[in-house]
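**Student:** The lines below spell out each chain.
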Amino acid sequence: TTMKLLVLVVVLCVAPIYANNVGSFSQLLKKKTHTNNWAVLVDTSRFWFNYRHVANVLSMYRSVKRLGIPDSQIILMVADDMACNPRNPRPATVFNNAHQHINVYGEDVEVDYRGYEVTVENFVRLLTGRLTPSTPRSKRLLTDDGSNILIYMTGHGGDGFLKFQDSEEITNVELADAFEQMWQKKRYVEILFIIDTCQAASMYEHFYSPNILAIASSLVGEDSLSHHVDPAIGVYIIDRFTYYALEFLERVTPNSDRTLAQFLQVCPKRVCISTVGVRQDLYKRDPNNVLVTEFFGSVRNVELTDHILDLPKCGGRGKVGLNNSSGTILKKISSPEKYMYADQLPIHRAS
Amino acid sequence: MGEFAGVLLVFLSCLVVTGRCRDDTFTEELLIRPLTSGHIYSHFEFTTTWTTPEITRSIDQYRDFEFSHYDLFPRAFGEIVERYHVRELHLSLTQGLWRHRKWGYPIVDAPPGAQLWVWFNPTSENLDQTWRDLVNALSGLVCASLNFIDSTNTVSPELSYRPQGLAEEWYAGNSSYMRYAALPRENVCTENLTPWKKLLPCDTQSGLSMLLHPVPLYTAHYHALSLHLRPSCKDVSCSSVHLELTQALSLVQGPTLSSSGHQDWSLQQLFSTQLIYTCPLASMSKIYVDVTGNRDMKKFTLDPEPDIFDESGSGPSLRQLAVYDVQAALAGDGFNIEATYKSRHIYGIIPSPHLHVSRFITGYGQEGGSITVKFTNSGSTSLSVVYLEVLPWYLRLFLHTSHSYSHTKSLYISKLVTARDREQGWLYEAVVEIPASSTIELSLDFTRALLKWLEYPPDANHGFYIPAATISAVLPTPRNVSVNSLTCSTLKDKLVVQDGPSFVRLHTETLLVSLPTPDFSMPYNVICLACTVVALAFGPIHNITTKKLVLKKIENKESSFSRIVHRVKNIFKRGHKVENDCVEKDATKEQVIVEENPLYEDREDLEDITEEDEDEVKTSNKTENSQETKKDR
Chain A
1 TTMKLLVLVV
11 VLCVAPIYAN
21 NVGSFSQLLK
31 KKTHTNNWAV
41 LVDTSRFWFN
51 YRHVANVLSM
61 YRSVKRLGIP
71 DSQIILMVAD
81 DMACNPRNPR
91 PATVFNNAHQ
101 HINVYGEDVE
111 VDYRGYEVTV
121 ENFVRLLTGR
131 LTPSTPRSKR
141 LLTDDGSNIL
151 IYMTGHGGDG
161 FLKFQDSEEI
171 TNVELADAFE
181 QMWQKKRYVE
191 ILFIIDTCQA
201 ASMYEHFYSP
211 NILAIASSLV
221 GEDSLSHHVD
231 PAIGVYIIDR
241 FTYYALEFLE
251 RVTPNSDRTL
261 AQFLQVCPKR
271 VCISTVGVRQ
281 DLYKRDPNNV
291 LVTEFFGSVR
301 NVELTDHILD
311 LPKCGGRGKV
321 GLNNSSGTIL
331 KKISSPEKYM
341 YADQLPIHRA
351 S
Chain B
1 MGEFAGVLLV
11 FLSCLVVTGR
21 CRDDTFTEEL
31 LIRPLTSGHI
41 YSHFEFTTTW
51 TTPEITRSID
61 QYRDFEFSHY
71 DLFPRAFGEI
81 VERYHVRELH
91 LSLTQGLWRH
101 RKWGYPIVDA
111 PPGAQLWVWF
121 NPTSENLDQT
131 WRDLVNALSG
141 LVCASLNFID
151 STNTVSPELS
161 YRPQGLAEEW
171 YAGNSSYMRY
181 AALPRENVCT
191 ENLTPWKKLL
201 PCDTQSGLSM
211 LLHPVPLYTA
221 HYHALSLHLR
231 PSCKDVSCSS
241 VHLELTQALS
251 LVQGPTLSSS
261 GHQDWSLQQL
271 FSTQLIYTCP
281 LASMSKIYVD
291 VTGNRDMKKF
301 TLDPEPDIFD
311 ESGSGPSLRQ
321 LAVYDVQAAL
331 AGDGFNIEAT
341 YKSRHIYGII
351 PSPHLHVSRF
361 ITGYGQEGGS
371 ITVKFTNSGS
381 TSLSVVYLEV
391 LPWYLRLFLH
401 TSHSYSHTKS
411 LYISKLVTAR
421 DREQGWLYEA
431 VVEIPASSTI
441 ELSLDFTRAL
451 LKWLEYPPDA
461 NHGFYIPAAT
471 ISAVLPTPRN
481 VSVNSLTCST
491 LKDKLVVQDG
501 PSFVRLHTET
511 LLVSLPTPDF
521 SMPYNVICLA
531 CTVVALAFGP
541 IHNITTKKLV
551 LKKIENKESS
561 FSRIVHRVKN
571 IFKRGHKVEN
581 DCVEKDATKE
591 QVIVEENPLY
601 EDREDLEDIT
611 EEDEDEVKTS
621 NKTENSQETK
631 KDR
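Protein chains in written order, with the numbering used here: chain A, 1 to 351; chain B, 1 to 633.
The shape of chain A in the complex, shown without the other chains:
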C-alpha cells in the first residue's frame, strides 16, 4: 500500500504539469485561425423552372468572388445551364431581380462541375478528397488544416434529404459522415454550412464534427419560399433567403467589420416567411466575434517572420527529377531533310 501511495503521489504531482501543457495547447488551438478560404457552392436542380436555384448559387458565387476568394479556391457546381438556355430571352445573363438589377452570372464566371457532373458521388468525393488521379486541379478541394470553408447548397429538399437533379438524393447522415471524414483528415478549421431548400434544418441535424456553424433557410416542416416571379421569363427568379442574403452581402466590403451574428439575422420571419434555423452547438466561437469576411471573403491572418529560408539551387529539369519525354522513344527518328504536311484526303479521287 505504501508503494501504491507513492505512485499516487507521483502521479498527482506529475499530472498538473501535463495538464498545463494540455491547457496551453488547447489555448494555442483557440488562437489558431484559418490561413486560407475556400467555397463550395452547389446547385442541385435541373430544368428551366428551377431557374431560381441557379440564381441562388450564382448570387453566392458573385459575393464570394467579389470579397476576394479567387476562382482557384471556389468550387462551383451548377446542374443546368440557365444563362445560355434556349428559353432564356436574355442570353448569357442570370438576374437576381425581375428589374434586372444585378447580373449574377457576370462576365468572369468559371463553373467547375456542370450539367450531369453534379451528382451525389462527385460531391462526396469532392468533400472527402477521394478523387480519381486524373481529376484536374480546378475540380479538387485542396483544403488543409488552415482552411475555412463556406459550403452553400440549394435545390429541392425534404426531411432528411436533398434532391440531386431529380434522380438521386443525399441524406443528412451521408453529409454528416462526409464532414466527419473531412475533420479526421484535417481538411478544415471551420465550416460555415448554408442550405436554402425546403425543410432545410433537417440536413444539419446529424452533424457531429466540431467547428461547424450551420444555417438553414427553413425548419423541419416548413417550406422555403421563392421571392418573386419574372413575368418576362415566366419562372421564379430567386429564393427569399438568398435574395436577402445577397442584399446583405452586397453592402459588405473586404475590410468590413460586419459579424456573422448580423448575417444570422439577415432574414427574419416577416420577410422570409419560413424560420431561419441555426445550429451553433458545434461551433465554439461566438458569432458576434466572427467577421463575415472570414468565411465569405479571403481575410486571414498574416504572420510576418524574419526567418530566412535557404532554398537549394535548382539545376534544371534533370536535377528536379522531371520525367524526360515519357521514357522510351519507339524508334530513333532523325531530322527530316524536308518538312512536309500530310495529305489531307489520301484517297483515289474520281476527278
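For lysine to any residue, the following SDA-like pairs were computed, each having C-alpha atoms within a straight-line distance of at most 25 angstroms: (1) 415/B to 346/A; (2) 342/B to 302/B; (3) 139/A to 183/B; (4) 163/A to 529/B.
Examples of chain B residues toward chain A, derived with CB under 7 angstroms: (5) 133; (6) 136; (7) 143; (8) 145; (9) 163; (10) 172; (11) 194; (12) 218; (13) 219; (14) 233; (15) 238; (16) 474.
Covered by chain A, per the in silico footprint, the following chain B stretches (three or more residues, Cβ under 8 angstroms): (17) 186 to 193; (18) 206 to 216; (19) 459 to 473.
Honestly, the hints are just simulated from the structure, not real lab data.
Backbone N, C-alpha and C define an ideal beta-carbon position, used for all residues, glycine too.
Put chain B on the given structure of chain A with help from the hints.
**Tutor:** Only chain B this time, still in chain A's reference frame:
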C-alpha cells in the same frame, strides 16, 4: 565587313533591348464578312507561335515537347501538352449549326457541341489511358464536361482527320496515334469563354479581345470557340519550324437591319463596345473586311477608309479584303468601323456551294428507324468524299441495310468498327463518289436498345444526341472556300486564295434520338398501389378467414335507470329469468342479428340457426314461445 558589323550591331542591340531575341510571336486578326443571306460572319484569330531549339528537336523527332521560360504561350495549356504526349490538338466548342448551303465554307468548321481530336507522339505508354487523362485535364482547363469522353465515344478514323501540322507519311498514315471524340450535348456559355480568354497574352484588357463581351457573343446564331495546336513551318520556304497555337472564335450574327431595311453594321453594334487599347504584345493586329464585289464601294461604304486592299484569286474565287491596321489606328480614342449600305438588302436566291450535306433520321416509333444522309454536288465534276459516322452503341445498326436511293457507282467502307455494348461505339467510314450535279442519299437502318435503369441521364425524356458526321472532300476550285492551304500561320496569309484543289471538311447536323424510356416513377407507384391493396384487402380477408359469425339476440333499448333496476331485479329473480324475458319481449318484435363468436365448434349450430331463420322469414309470423323453445335447444 560592314554588313557583318551591321548585323552584329542589330544582334547586340536586340540582346540589350529585350534580354534575348524574342522567339515567340503573337498576332491577332479579325475578319468581318457580310454574307449574302443578310448575316455577318466575324472570325477572330489569335495566333501564338513559339520557336526554340528544343521545340524544333521535339517536332523533328516526334518527341514530347519540353517548354521552359513561358512568355506569350499560355502556361496552363503548355503543361497539359507537355505531360500528355500531345503533338497536335484541335478542340472546338460550338453553339449553333453552320449552314453551308447559305453561308459557304467557314475558316474553321466545327460541329455543334464539343469536338476534340488529338495526334499523340509515338510512345510506349497506353494511349487510351493517356487520352482519358488528357480529356480530364482539358475539362478542367475549359470548364466543359469533356470528362464524359470515354471508350464508348472515342474512335480512331482511318482517312478523316489527318494531321494538319507537319507529319511524315509513316506517322500520318498510322491512325493509332490519333483519337477523335465529339460530345454533341455540350453547351457553350460564358464559363467556357472565360478560361479561353485567359489563355491570351493580353487577356481582355487590350487588343481585339476587348471586343469579346459575352452578351452579344451568345445572342449570335452561331458561336464557335476553338483551340488548335500544331507544329508548322515558319514560312513558305519551310526552312524552320515552330509550334503554332491558334485560338479562333467564329460568330454569325443575325442580320443587323436598320429600320430602313439596310444591312448596316458597325463594331459597336456587333460587339457592343469599341476598341480602345492595342495589345502591346501583339506583333500584328489587323481587321479585314471582306469587300468582294464591292471594291469600288458601290454597295456599301466603310468608315473610316481602309488602309490597303488585298486581292487574290480570280474569277468566281476572287477575294478582296479591306485591311485596317489597328495598332496604327488606335493612336487616339476609340476605333469603330462602320459600314453603310446604299440600298435595301435583297433576300435573293443564294447559289449553293459545290458540296453540301444534310443528315436526318427517318422512321417512327421507339423501336427502329434509319439515319439518312443526303449529299448534294452542284458542281460540274464528280467528287469523292470520305464520310465518317460515329454512333453510340445503343443504336444497333443493321449494316446489311446500308443502301442508297440513287444509283452510286462506288461506295467502299474504309474502316468499320462494330459496337460492343457499353464498351465501344460504332465507327463507319466510307468513301462515296458523288456524280456531278446530283444528289445522292445513303441510309442505314438501326434499332434502339434498352438501357439499364441507371444508365439514363436525369432528363432521359429529352433524348440522346448523336454526334455530327464528318465529310472530307477536295474541291476542284477554291470558290466559297475560306482557307485552302495549310502552310500559313496568320489569317492574312491563310485568306490568300490559291487556285487549285482545296480541301474542305464539313460537319452535318447532330441528331436527337429518343430511346424507349421507362417510367421512372413506376417503382414508387407500384409500391403505393401494392401497399394500398394489401392494407385494404388484408384486414377484411383476415377477419373473414379467422373469425366466425353467430346469431345473437339483441336487447331492446331501455333507459339506463331502468336497466339498472332490471339488473337488480335479475339478481333476485334468477330463476324466473325466462318468464321475464317472455314478458319483455311481448311488446317488441324480435329482431335477429348476427354476431361474432370465436368458438369455431359452434359452426354447425350457426348453420342450423340460419336455416331456421330463413324459415322464420318465410312464414313471417312467429310466436315468442317457439323462439324460446329454440333457445332452449
